[in-house]
Amino acid sequence: MKEGKMAAKNGKSGLLTWRIDDEKPLKIDKWDGAAVKNSLDDAAKKVLLEKYGYVENFSLVDGRLAICTVSCLFAIVALVWDYLYPFPESKPVLALCVVSYFIMMGVLTFYTSYKEKSIFLVAVQKDPAGMDPDHVWQLSSGLKRFDDKYTLRVSFADGKSSRRREQEFTESVAKFFDENGTLVMDQFEKRVSRLHDTLAVEKKSK
Amino acid sequence: MLSLDFLDDVRRMNKRQLYYQVLNFGMIVSSALMIWKGLMVVTGSESPIVVVLSGSMEPAFHRGDLLFLTNRVEDPIRVGEIVVFRIEGREIPIVHRVLKIHEKENGDIKFLTKGDNNSVDDRGLYKQGQHWLEKKDVVGRARGFVPYIGIVTILMNDYPKFKVRF
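Heads up: the sequence lines are chains A and B, in that order.
Residues 8 to 213 in the numbering used here are what the first sequence lists, from first letter to last.
Residues 204 to 369 in the numbering used here are what the second sequence lists, from first letter to last.
In short, the hints are calculated from the structure, not lab data.
Ideal Cβ positions, reconstructed from N, Cα and C, are used throughout, including at glycine.
One or more of the hints may lead you astray.
Stated by the list, open to error - Derived coverage of chain A by chain B (criterion: at least 3 residues anywhere in the stretch with Cβ under 8 Å from a Cβ of chain B; other residues may be distant):
#1 89-99
#2 103-113
#3 191-198
Build out the structure end to end from the sequences listed, making use of the hints.
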C-alpha cells in the first residue's frame, strides 16, 4: 500500500507535464480481467499522448461508431415505418431493413476482426519541422481470460518511407498493480517508455 | 462524503466512449427488434409467437404454451386447423379450432370457431351481430408449439406487481 503511494510521488520528479497525480490513482478490481486490461490500456494511452505529446487519431474508432449508428438507424426506420403503416403494408420495407441490419452486423464483425483487431490507440507524431508527413504510432494489447500475462504491442509507421516496425512486451499484470488494485503508474510508464524508445531509436538508426 | 465511483467512471469516459456505450445498448435492443420483425416478415403474421392464455384448448394446448404461427396467403384455412384470431375491438388474441367454413369462388371465406374444451362455439365471443370470422381477423395458423415457456408472460399479466418491481 505504502509503496504504491510512494511510487506515484516519485513519478512526479522525472516529468514536467505529468498529470496523473492530480487525479485519484486508478483503482480497480484486480480480479476483473476486463477492468485490468482497460486500465492498462488507458495508462499506455496516457504515456504516449501526454509524455510524448502525440495527437490521437480517431478515424478507426469513428469507423466503428459509424457502422453501429447506421445499423441502429435501420432498426429505427423499421420501427417507425411499421408504426405508421401497420403490418401487411410495411412488409417490403421491414424486409429491407432487417436484411440491411444483418448485413451491417456482418460488416461490423469484419471491421472489428480485421481492421481494428486489438488496436486501442492510433496516434500521430507530427514532424517538428512541419515538412515531412506525420509518423503514425499504434498501440494494441492482449490479455487472455484468467491469464495474468499482458502483452503490449507498439507499431511505428514512418511517415516518409511508410515502413512499419513493431515491438512488444509481455509481462505479468502483477508487476504493475499493487495489492489493492491500484495501478503503479511509475512502473508501467517506465516499461512503456522503454518499449517506445526502442522503436524510436531503431527508426533513427535506419 | 459520498464518493460515487460510478460517476467517476462516467466522467473518465470521453465523449466517444459515452456514445459507444449508448450505441452498445441501442444495438442490443435493435438486434432483438430486428429478429422479431424478421420473424414477422418470414411468417407473414403480425404476431408470430403467442402465449396460450386460457384452458379452452385442452388437452391440445395448456395455459402457458408458446405457439408459433404463420399467416401465408398461399395456405388456405381449412376445417380442423387451429387458428389464432382477434375479435374486432379487442386486443387479446384467441386460440381456437375452425369448425365450419363458407368459401366464395374468389377465395373469400367466412368461418366459425370453437375451443376444444368449450361446450359451445364462439358466436358468443364475437362482436354484437357478427356471426362469422373473416381472413382479416386471423393473426395466424398454429404451426408448432413449446410447452410451459409462456408461463412467465401469464404471471406478469396476472400479478402486475411483478412487472412494476422490475
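Results for each hint:
1. 89-99: It holds: at least three residues are needed, and the stretch 89-99 of chain A offers 5 whose Cβ sits within less than 8 Å of chain B.
2. 103-113: Holds: 5 residues of the stretch 103-113 of chain A have a Cβ under 8 Å from chain B.
3. 191-198: Three-residue rule not met by the stretch 191-198 of chain A, so violated; n is 0.
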